[in-house]
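A.B. asks: The primary structure of each chain is shown beneath.
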Amino acid sequence: MIIKLENISKIYKNNSSIETVALRNINLEINKGEFVSIMGPSGSGKSTLMHIIGLLDSPTEGRYLLEGNDVSSLSEDILAEIRNRKIGFVFQAFYLLSRKNVIENVILPSLYADYSHSLRRQKALKCLEAVAFPEKFIHYYPNQLSGGMMQRVAIARALMNDPEIILADEPTGNLDTKTGEAVIATFQRLNKERGLTIIIITHEEYIAEHTERIILLRDGQIIAENKVLNSRSLV
Amino acid sequence: MKKNDLLRESISSLRSNKLRTFLTTLGIVIGVASVVAMLSLGEGSKLSIKTSIESLGSNNLVIFPGVIQPGRGFVSSGRGTAEILDKKDVDELRKIDDIVGVSPEIQRRFQVISDRGNNQNAFVLGIDYDFFMVRNVEIDRGKMITEENVRSYYRGAILGPQIAKDLFNNVDPLGKRIRINNINFRIIGITKPKGSTGFINYDDFILVPYTVMQKQLAGTEYFNAIAVKVISQDIMEKVRQEIEKRLMELHRVQEPNFTVFSQQDILNALTSVINVFTIFLSFIAGISLIVGGIGIMNMMLTTVTERIKEIGLRKSLGAKRKDILNQFLLESIIITFLGGIIGLLLGISLSLIIGNFTDITTVITLKTILLPLCFSVMVGIVFGYYPAKKASNFSPIDALRYE
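Chains as they are written, first to last, in this note's numbering: chain P, 1 to 235; chain S, 236 to 638.
Where hints are given, some of them may not hold.
Taking lysine to any residue and the SDA-like style, the derived pairs with C-alpha atoms no more than 25 Å apart in a straight line are [claimed, not checked]:
no.	chain 1	residue 1	chain 2	residue 2
1	P	LYS86	S	LYS544
2	S	LYS557	P	ARG85
3	S	LYS557	P	HIS203
4	P	LYS123	S	LEU242
5	S	LYS557	P	ARG99
6	P	LYS123	S	LYS237
7	S	LYS544	P	LEU65
8	S	LYS625	P	PRO163
9	P	LYS100	S	LEU258
10	S	LYS237	P	SER17
11	S	LYS544	P	HIS203
12	S	LYS624	P	HIS203
FYI, nobody ran anything at the bench for these hints, they're computed from the structure.
Keep in mind that this is a model prediction, so the values were computed, not measured.
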């Protein structure tokens, strides 16, 4: 088991001390190598859940075990270090740095890890190859690329430090159906070939159907967990 | 994060907005250049005062009539202030073994007309034969004023090169006549150019025997000053005390009614005045550097706001607070360092131009280079710290969500 959430709650307080419960008693286990989707309408707490799983935020209550270690109350810098080594993020808006070209964007996470300069480049090229990014575009800048291409670069960047887990927040949200499917196919392949644990947050059912398990969230609680019996493979 | 990665990241983000970086750097360039120029001007003035005073003779003591009281300047004591030093004092001073030359001087302004009709209101200085040795004034052409000239009331005059030019244009004045206060004088010599020596510029002076000055021009037997040359600089203080003792006895007074100045006193007084001016001017120039620093802070705050998403992304990819802080801080340090170097070069060029094309002396020392450079980097750290700290404090989620 790579991720274990025990009674996780997240409560936000605003200035006038009014509490908003974003997550309530979440218990969730995700195995190593699993391909999971988290679904729910907006305001259901799926983003908060992803932030907690991705160590971008700490729970108000409960315990989070990552590879068996309690990470619920670690300092910000140690969390940053764990994120850097263990978790790769893919965002809906890609978040590529416009002043950096493709390869420089992919290299970014390795700047915060110990890599030699030449190793970085080789590694980045391999990651781009793994997401089937055409080599001739590696010196292009993000504004010269299509949405699908940009998301591939973002996935390659997430792979850069050999993470255990890929967390993707609405990765197809800004893409058309066909391009979105290509991105999902990339995730499926990475999951199968590399045994990466992949967690996708989506509100689109057809995307979730490509994963192995769907976790349904509503009002901060898990209301259903369904194994996808006939997961549609695109690979 | 490795140091070279940090540097590369900072440079890359500065390059992404070249115009803004250029304008912010310009603020620092102007600040540093003006501080460098001001400091070099100050150092230059100090040096030129020092050399000119030393050119007067560094082991000279000058006796003025009257007393200097702190904060009140020259104060009259009993008789007319100017009527204190006379021939008896000169003779008394000549008795002191450690004094190698005594130069009594009377200075006045008179209307001087050359035989070419040129009319000037000029400084005329009545001198003794020791004047040239004591005051380090050399004769370019012609003769000095001798002991015999002084004794015989010889109406011979020696012109400084500037007054010679003013009175005779380009004609050689040697042997010609001038009228000082309607009395005829023959020009017997021209001094070598010496330049300004802080107070006096002998190039503008007409030198005549003091006896002639006393009897025929000024109508007084008292001197404005007596300069003496001491045998060695090490015994200046001892000689000063000896002079005071002897002249007090001679004047029959308990407190000196005269003041003995050493060149060092004058040098110290002038240097302290110049120091105040240099500090004042550098302070004004430093204000522009601080304004440049505010420019940096402004730019960095804008940059941080513009790049909040980048900060969020970097944090989610594993950047620690320290990494973000260092990156943004380094950006402002690069600007101030770069601005410092360019400003330094500009300031040095400026001071060289001033030094070469005007009469003002400028001097570049290690201090004039290091002080503004360190100050500008400090400005970068001080004004860059707050924006960098602000950037590093964003939580990754808030930063990514920022609209």
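A.B. asks: Hint by hint, which ones does the structure fall short of?
C.D. replies: 3, 7, 8, 10 and 12
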